[in-house]
Amino acid sequence: MANTSVTVAAIRPAARTQRVSRTRHSGRWALYALLILIALVSLFPFAWMLMTSVKDLGDVIQLRFWPWPPFGHSTPQWGNYAQAINQIGLDDNTGLPLFVRQLLNTAFVTVVIVLGVNITSIMAAYAFAQLDFPGKGALFIVVLSTLMIPDDLTLVPRAVMMFKNYLDWYNTYLALTVPFMASAFGIFLIRQFFMQVPRDLFDAARIDGAGHIRYMIQVMVPLSRPAILTVALFHFIWAWNEFKWAQLVTSNSNMYMISVGLQDFLNGDGGAQTQLAMAVATMVVAPIVVLYFFTQQYFTEGITTTGLKG
Amino acid sequence: MNVRKVIPYGIAASLILAACGGAATPAAAPTQAPAAEATTAPAATATGEATTAAQPTDTQAAATSAATATTAPAAASVSNPPKTADEVDSLDLTGKHVTVVFWSHYSGVQISQVQHIADDFNKQNPYGITVKLEKAGSSYNDVYNKINATIQGGGDLPAFTLAYQNQAALYRSEGYLIDLTPFIQSKKYGLSQDDLKDFFPYFLQSDKNPQFPNEVLGWPTQRSMEVLYSNLDWLKQLGADAPPATLKDFETLACKASDASQQKYGWIWKNDASDFASMVFAEGGEILKPDASAYDFNSQAGVDALTMMQRMFKNGCAVQLPKSERYGEQNRFAAGKLLFVTGSSSGLPFYAASIAKADKPFQWTISMHPQADPTHPKVDLYGASWSVMKTTPEQELAAWLFMKFFSQKDNTAAWATTTNYMAVRQSAVALAVANVKKSPVFAKFPQAAAAYADLYKWIQYGAIESPVAGYDPVRTLIQDMVEKVAVKGQGDPKTELDATVAKANDILKQYAPSK
Amino acid sequence: MAVELRRTKTRAAHSRAVREAILAYGLLAPAVLLLLVFTFFPVVFGFAISLYNWRIVPRNFIGFQNYATALQPGSDMWNALGTTISYTLLSVPIQLFIALILATLLFQKLHGKSFFRVALFLPYVTSTVASAAVWARLYSPDIGLINQVLRGLHLQPLGWLLENRGVFTLIASGLGVPLPAWLTGPSLALVSIVVYTTWVFVGYDMTIFLAGLGNIPTELYEAARIDGAGGWDLFRRITLPLLSPTTFFLSLITVIGVFKAFNHIWVMTRGDNGTTTASILIYRQMYEFQLAGYASALAFLLFTVILIITVAQYQLAGRQVNY
Numbered sequence: 001m002a003n004t005s006v007t008v009a010a011i012r013p014a015a016r017t018q019r020v021s022r023t024r025h026s027g028r029w030a031l032y033a034l035l036i037l038i039a040l041v042s043l044f045p046f047a048w049m050l051m052t053s054v055k056d057l058g059d060v061i062q063l064r065f066w067p068w069p070p071f072g073h074s075t076p077q078w079g080n081y082a083q084a085i086n087q088i089g090l091d092d093n094t095g096l097p098l099f100v101r102q103l104l105n106t107a108f109v110t111v112v113i114v115l116g117v118n119i120t121s122i123m124a125a126y127a128f129a130q131l132d133f134p135g136k137g138a139l140f141i142v143v144l145s146t147l148m149i150p151d152d153l154t155l156v157p158r159a160v161m162m163f164k165n166y167l168d169w170y171n172t173y174l175a176l177t178v179p180f181m182a183s184a185f186g187i188f189l190i191r192q193f194f195m196q197v198p199r200d201l202f203d204a205a206r207i208d209g210a211g212h213i214r215y216m217i218q219v220m221v222p223l224s225r226p227a228i229l230t231v232a233l234f235h236f237i238w239a240w241n242e243f244k245w246a247q248l249v250t251s252n253s254n255m256y257m258i259s260v261g262l263q264d265f266l267n268g269d270g271g272a273q274t275q276l277a278m279a280v281a282t283m284v285v286a287p288i289v290v291l292y293f294f295t296q297q298y299f300t301e302g303i304t305t306t307g308l309k310g
Numbered sequence: 001m002n003v004r005k006v007i008p009y010g011i012a013a014s015l016i017l018a019a020c021g022g023a024a025t026p027a028a029a030p031t032q033a034p035a036a037e038a039t040t041a042p043a044a045t046a047t048g049e050a051t052t053a054a055q056p057t058d059t060q061a062a063a064t065s066a067a068t069a070t071t072a073p074a075a076a077s078v079s080n081p082p083k084t085a086d087e088v089d090s091l092d093l094t095g096k097h098v099t100v101v102f103w104s105h106y107s108g109v110q111i112s113q114v115q116h117i118a119d120d121f122n123k124q125n126p127y128g129i130t131v132k133l134e135k136a137g138s139s140y141n142d143v144y145n146k147i148n149a150t151i152q153g154g155g156d157l158p159a160f161t162l163a164y165q166n167q168a169a170l171y172r173s174e175g176y177l178i179d180l181t182p183f184i185q186s187k188k189y190g191l192s193q194d195d196l197k198d199f200f201p202y203f204l205q206s207d208k209n210p211q212f213p214n215e216v217l218g219w220p221t222q223r224s225m226e227v228l229y230s231n232l233d234w235l236k237q238l239g240a241d242a243p244p245a246t247l248k249d250f251e252t253l254a255c256k257a258s259d260a261s262q263q264k265y266g267w268i269w270k271n272d273a274s275d276f277a278s279m280v281f282a283e284g285g286e287i288l289k290p291d292a293s294a295y296d297f298n299s300q301a302g303v304d305a306l307t308m309m310q311r312m313f314k315n316g317c318a319v320q321l322p323k324s325e326r327y328g329e330q331n332r333f334a335a336g337k338l339l340f341v342t343g344s345s346s347g348l349p350f351y352a353a354s355i356a357k358a359d360k361p362f363q364w365t366i367s368m369h370p371q372a373d374p375t376h377p378k379v380d381l382y383g384a385s386w387s388v389m390k391t392t393p394e395q396e397l398a399a400w401l402f403m404k405f406f407s408q409k410d411n412t413a414a415w416a417t418t419t420n421y422m423a424v425r426q427s428a429v430a431l432a433v434a435n436v437k438k439s440p441v442f443a444k445f446p447q448a449a450a451a452y453a454d455l456y457k458w459i460q461y462g463a464i465e466s467p468v469a470g471y472d473p474v475r476t477l478i479q480d481m482v483e484k485v486a487v488k489g490q491g492d493p494k495t496e497l498d499a500t501v502a503k504a505n506d507i508l509k510q511y512a513p514s515k
Numbered sequence: 001m002a003v004e005l006r007r008t009k010t011r012a013a014h015s016r017a018v019r020e021a022i023l024a025y026g027l028l029a030p031a032v033l034l035l036l037v038f039t040f041f042p043v044v045f046g047f048a049i050s051l052y053n054w055r056i057v058p059r060n061f062i063g064f065q066n067y068a069t070a071l072q073p074g075s076d077m078w079n080a081l082g083t084t085i086s087y088t089l090l091s092v093p094i095q096l097f098i099a100l101i102l103a104t105l106l107f108q109k110l111h112g113k114s115f116f117r118v119a120l121f122l123p124y125v126t127s128t129v130a131s132a133a134v135w136a137r138l139y140s141p142d143i144g145l146i147n148q149v150l151r152g153l154h155l156q157p158l159g160w161l162l163e164n165r166g167v168f169t170l171i172a173s174g175l176g177v178p179l180p181a182w183l184t185g186p187s188l189a190l191v192s193i194v195v196y197t198t199w200v201f202v203g204y205d206m207t208i209f210l211a212g213l214g215n216i217p218t219e220l221y222e223a224a225r226i227d228g229a230g231g232w233d234l235f236r237r238i239t240l241p242l243l244s245p246t247t248f249f250l251s252l253i254t255v256i257g258v259f260k261a262f263n264h265i266w267v268m269t270r271g272d273n274g275t276t277t278a279s280i281l282i283y284r285q286m287y288e289f290q291l292a293g294y295a296s297a298l299a300f301l302l303f304t305v306i307l308i309i310t311v312a313q314y315q316l317a318g319r320q321v322n323y
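Taken in order, these protein sequences are the chains called C, Y and V. Residues in the first sequence are numbered from 1 upward in steps of one, following this note's numbering. Residues in the second sequence are numbered from 1 upward in steps of one, following this note's numbering. Residues in the third sequence are numbered from 1 upward in steps of one, following this note's numbering.
Please note: incorrect hints may appear among the correct ones.
[Said to hold, decoys possible] Quick list of the computed label-pair ranges, beta carbon to beta carbon:
#1 V/Val-177 <-> Y/Gly-316: 20 to 30 Å
#2 C/Gly-27 <-> V/Thr-218: 49 to 59 Å
#3 Y/Gly-316 <-> C/Val-111: 14 to 24 Å
[Stated by the list, open to error] One side only, chain V facing chain Y, incomplete, derived with CB under 10 Å:
#4 His-14
#5 Ser-15
#6 Ala-17
#7 Pro-141
#8 Ile-146
#9 Thr-269
In short, the hints are calculated from the structure, not lab data. All C-beta atoms, glycine included, are put in the ideal place defined by N, C-alpha and C.
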């Protein structure tokens, strides 16, 4: 923040304060109106998805926007959800509905990735922030440069690596998790936080007899909660919504992530009726939206406090 | 942190690392390759060695090595796959409790029906064979992708699978699928001549492939036909008593019905190469030469078909279905927005269900796809078959025995009734037709139910699109071409057809089985 | 004695340094190994694959033939490159511009601020497969809601995702002006996807802008206000320059995000109507045709070009940023 290009002197002379406050008052209403409109646009697709998911087939065919009272005589078809789950079918191995199995897959893969990323990132970030060792600078650049390698460049060879004759991870949880358990973004963000912790704390801990590992776990990690939470939440979203890779390395419906299951349902030869498609979409979206509502202040905080130092 | 300054270093570092990254190579150890020869690990690529095509097509070599894997004493003399009916006869499954896995995308009532028949088989068969059904995705394409993915990715292939002829041909050319002839001819396990005669000859014929002469790559369990769905009430308003028999009438009526301001159209392009193929057939042409030496839909018939489609779009008589809305044509037809749909006869129950739900249910029916010359009709007859993958001779036999059981008269009729596919045996037709007429789904639509019976009369006019390996990418080419030329009205039909056929023939060559 | 002590001390220091280094390597090992194996190694491996005729399985070594095929004039690769660049040039400025406006609007004392924030951020957390499926149905030309509304307002319904004509062509034909062929602009389908992309990312971008705005010292505004500066002056002379690092980094993130864009295009158009970006082209070769060699060659060509353009662009843009 060295110098700004603002020269205060160059700014125009004063305007009358009274006029300002009056325009401000009516301006405020306009502002609210505008913001509400924008929020509605942003939320509308969700509302449409939800509404469509409980429509009757006849209302979908006739393109009725609101087929329920007071404008229509239909009732919400909550049965669409069960019908959609039924149409997706059962898992041959466990007998569970495939949708449930895919939901469990997604939850499992997401949790493993989030934990994995955080553990590897905290460890690496600690080394970069707190320890001295030969090759530190070079290794740090190595880590950062992975941010510059586009996913699409590594996608095909990485997929081939999953095939038989190589790692033979095709159609396994390993393929869905292991390649994503390290994150340059995570390392970088957490390192930034670790670097801000005063060195004195470490010396004090040393006197108390704590080693590096204990210091890392008991002092650094709690102090860097916002960064760690941000990393966790963002990886949660990314992992939960993963589609491209998952579609490429799984072909068993009982190994699908839900996004792949959804796309599969949409393109199925059974012919997914719009209302059923939207019921599945709603079920795919709902868990993450609920999570977001409960954690939204951490998202904002995470983005705000970790700022843009990356 | 100044990212700007880091970028060049990052690139430099990544290049250096990339250069020596080979050190971290994960072990490229070949693991249980199902094929006789393992694919060459690309670690060898660094040295620039040319790898040989890893196609286990050499069945003789594969046979001797794989046959030893089976534990049965009798199997020692049987090659894998069995080459003669006698070899098949010498197999004995008694007490072996073979389990065979079947892959399909069947869901809903279809899978229940197959499961029901499989349960019967598992109980009744004297050999203790267990058939296990596995869901391999939601579409034919999913099953195809899954088999390919398993071939390249690893894991177990099923003992038998649902596949289109061209897909079976691909598996066969890669050495993963077997010829059924010895099983069919087997005295002990095969079919009698009388039995064979009961199958519609055309259906049996459709699983033969000019690329693999004298082989049977699949067993027909389901067939359907590209037909014309018409809104009869609407036709009446337009002054027509019956669905059009000629392409000319079809086009005229479609254009008469269209009114873009009300989103009403005569016909819909639903991004399906089979719709194009049907038009080419109707013009008297074909997709592939009968000897499979080249694609030839750039004939005059192809030009006529594409030109008509182009004209229909230009005149606002047709509309395109967004790719993200599969089967969206059914709702549009039910809403009275489409006068005609050309599509598979197997859609019958779905149309019935949608139309019954519309505000103003109307009478509708299916009829033969309109023709340039109705005295010499040609209709697109298609349907996936069940194909047996190369596993062990015992599993191959077990899979065949279930397929044979599945195509018994009663099972065939029950299957046809459930799915509205055509029954594959002549003796099952009467039952299937009666069942469809009784079905509550068609209660309000007697004309549509009656039309199901007509399908069997049109089998004699059947034509197949292309049974050769690599037809799937060619379908994509065709779809792209129709979209460009007809839907968007860009380019001259003949030029574009020639270009597409040239590309298709390249693919044909690439995928051709190596001799 | 003194010498001895110093020696012990240095030895102790030395062994502590060694232990620290070992600990450091141990801590770094999991992350660095994973990145090496799953990010760096695939680059090398991908190059090796690209030299093969590889359909389902590697068939034979063909040198640079895949590259030659890809580089043919008028090939899919060139189209994909153009589409990717148009998509980026459209998407990034629109996203950032709207996000900046929204951030400035929200950066005031408002009631229900967090509601607006949540409402705008929600699309970002949603599965793109699901939301793209929703949007695709809204965009549907004959039965979609958007065209229903346009018809209701007696406006011209549009082809949206099914429209491959360029937007400039459409505007010009609407005005009855002839337009040279080279000036067609990106297809309406691509623009429709840009609209969707904006909907997804604008909340995220806005949140980051808000953080950036929070970092600007309020005294600056007060001082300027005392001197009588109006809202626009404040924005132009204080906010924009002081926000430039944020804008810079955000545009970096956005560009990377746009290059990655895949799921929604896959769901909405599968690359039809001028929406085949680099990502889509590569994926189709791999997933639909099982051509790993050709797909790898495409990836190398496309991303070398894109990387060079990006780096050059940021070398230039980075100089404009005020720190």
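Comparing the hints with the structure gives:
1. At about 24 Å, the beta-carbon gap between V/Val-177 and Y/Gly-316 stays in the expected band of 20 to 30 Å.
2. Distance hint check: the CB atoms of C/Gly-27 and V/Thr-218 are about 20 Å apart, inconsistent with the given range 49 to 59 Å.
3. As the Cβ distance of Y/Gly-316 to C/Val-111 is approximately 54 Å, the hint placing it in 14 to 24 Å is violated.
4. Hint on V/His-14 is violated. Least Cβ distance to chain Y is approximately 29 Å, over the 10 Å limit.
5. Checking V/Ser-15 against chain Y: minimum C-beta separation of about 29 Å lies over 10 Å; hint violated.
6. A least Cβ separation of about 25 Å between V/Ala-17 and chain Y goes past the 10 Å threshold, and the interface hint is therefore violated.
7. Taken as an interface hint, V/Pro-141 checks out: its beta carbon lies about 7 Å from the nearest beta carbon of chain Y, inside 10 Å.
8. Hint status for V/Ile-146: violated, given a least beta-carbon distance of 13 Å to chain Y, over 10 Å.
9. Because the beta carbon of V/Thr-269 sits about 7 Å from the nearest beta carbon in chain Y, less than 10 Å, this interface hint is met.
Hints 2, 3, 4, 5, 6, 8 from the earlier list are contradicted by this structure; the remaining hints agree with it.
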